[in-house]
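Same order as they appear, the protein sequences are chains V and Y.
The first sequence: position 104 = 104 (my numbering), numbered continuously.
The second sequence: position 1 = 1001 (my numbering), numbered continuously.
Treat each hint with caution, since some may be false.
Far from chain Y, by Cβ distances over 12 Å, these chain V residues were calculated [claimed, not checked]:
{"hint": "1", "residue": "Gly-42"}
{"hint": "2", "residue": "Val-84"}
{"hint": "3", "residue": "Ser-91"}
Here are the simulated lysine-lysine pairs, DSS-like style, with alpha carbons at most 30 Å apart [to be verified]:
{"hint": "4", "chain 1": "Y", "residue 1": "Lys-1052", "chain 2": "V", "residue 2": "Lys-95"}
{"hint": "5", "chain 1": "Y", "residue 1": "Lys-1030", "chain 2": "V", "residue 2": "Lys-105"}
{"hint": "6", "chain 1": "V", "residue 1": "Lys-105", "chain 2": "V", "residue 2": "Lys-55"}
{"hint": "7", "chain 1": "V", "residue 1": "Lys-54", "chain 2": "V", "residue 2": "Lys-95"}
{"hint": "8", "chain 1": "V", "residue 1": "Lys-54", "chain 2": "V", "residue 2": "Lys-68"}
{"hint": "9", "chain 1": "V", "residue 1": "Lys-55", "chain 2": "V", "residue 2": "Lys-68"}
{"hint": "10", "chain 1": "V", "residue 1": "Lys-54", "chain 2": "V", "residue 2": "Lys-105"}
{"hint": "11", "chain 1": "V", "residue 1": "Lys-54", "chain 2": "Y", "residue 2": "Lys-1052"}
{"hint": "12", "chain 1": "V", "residue 1": "Lys-53", "chain 2": "V", "residue 2": "Lys-105"}
{"hint": "13", "chain 1": "Y", "residue 1": "Lys-1013", "chain 2": "V", "residue 2": "Lys-95"}
{"hint": "14", "chain 1": "V", "residue 1": "Lys-95", "chain 2": "V", "residue 2": "Lys-53"}
{"hint": "15", "chain 1": "V", "residue 1": "Lys-95", "chain 2": "V", "residue 2": "Lys-1"}
It is worth saying that the hints were derived from the structure and are not from the lab.
Idealized CB from N, CA, C, for every residue including glycine.
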Amino acid sequence: KNEVEQSPQNLTAQEGEFITINCSYSVGISALHWLQQHPGGGIVSLFMLSSGKKKHGRLIATINIQEKHSSLHITASHPRDSAVYICAVVSGTYKYIFGTGTRLKVLA
Amino acid sequence: DAGVTQSPTHLIKTRGQHVTLRCSPISGHKSVSWYQQVLGQGPQFIFQYYEKEERGRGNFPDRFSARQFPNYSSELNVNALLLGDSALYLCASSLTYTEAFFGQGTRLTVV
């Protein structure tokens, strides 16, 4: 079993839909990241969380430390949101453990 | 201010050859980590270096090695390449232990 599990693996949505991506982890962490990876390969950090909730534009990320669970929400989804969204936890010093990613496609 | 830069961006090698990938961290960042991302999967941790010393190693064979130079840039070396080494190799630099900044990656194809 992977230490970081994401669901769903693939997601297709219509433009404007509300989207939720889930992440569960089984190790102790000091922080959790939500990352976005476009087809070219580069990774961009969307959020870093150690507790509670963060919001940036149409993106909202939450974490429940007790339940070892985090969610990424996208409101009013748009085709430009199409990408792979990766949950990664920081376990130990500098070491990231990544989920396998959620491939999101938003249709116009 | 430049982000994390990796070179080359793409590379094709033959089985059995050796490859060197390079990474320049963000100015002031002393930690560099390397990750391998096979198509369709999440990145896997290979190495972490801090102040030129190896601080962590993932579950990779001894064919994989790395080093960090006095200017904090880093090289990842892979010997005796196998087809299964084909992947996107990502470098990340960090100032704090909880946040990393990723380069665009080097896409290695072994034929």
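Original post:
Hey, Lys-95/V versus Lys-53/V, does the alpha-carbon distance stay inside 30 Å?
Top reply: With Cα atoms ~23 Å apart, Lys-95/V and Lys-53/V stay inside 30 Å; holds.
**OP:** Assess, step by step, whether the Cα of Lys-1052/Y is no farther than 30 Å from the Cα of Lys-95/V, and give holds or violated.
**Re:** holds (16 Å)
Subject >> 30 Å limit on alpha-carbon distance, applied to hinted pair Lys-54/V and Lys-68/V >> reply: holds (17 Å)
**OP:** Measure nothing beyond the straight line between the CA atoms of Lys-54/V and Lys-95/V; if it is 30 Å or shorter, mark the hint as holding.
**Re:** holds (23 Å)
Subject >> Given pair status - Lys-105/V, Lys-53/V, alpha carbons within 30 Å >> reply: holds (25 Å)
**OP:** Determine whether the non-interface label on Ser-91/V survives the test: each CB of chain Y must be over 12 Å from its CB.
**Re:** violated (10 Å)
Subject >> Hint consistency between Lys-54/V and Lys-105/V [alpha-carbon to alpha-carbon, up to 30 Å] >> reply: holds (23 Å)
**OP:** Test the statement that Gly-42/V is away from the interface with chain Y: the closest C-beta pair must be farther apart than 12 Å.
**Re:** violated (4 Å)
Original post:
Does Lys-1013/Y pair with Lys-95/V here, judged by a C-alpha cut-off of 30 Å?
Top reply: holds (29 Å)
Subject >> Pairwise hint evaluation, Lys-55/V against Lys-105/V, where the allowed Cα distance is 30 Å at most >> reply: It holds: about 21 Å lies between the C-alpha atoms, which stays within 30 Å.
Original post:
Taken at face value, is the distance from the CA of Lys-1052/Y to the CA of Lys-54/V at most 30 Å?
Top reply: violated (35 Å)
**OP:** Assess, step by step, whether the Cα of Lys-95/V is no farther than 30 Å from the Cα of Lys-1/V, and give holds or violated.
**Re:** Between Lys-95/V and Lys-1/V the Cα gap is close to 19 Å, so the pair holds against 30 Å.
The structure fails to meet hints 1, 2, 3, 5, 11 from the earlier list, while all remaining hints are met.
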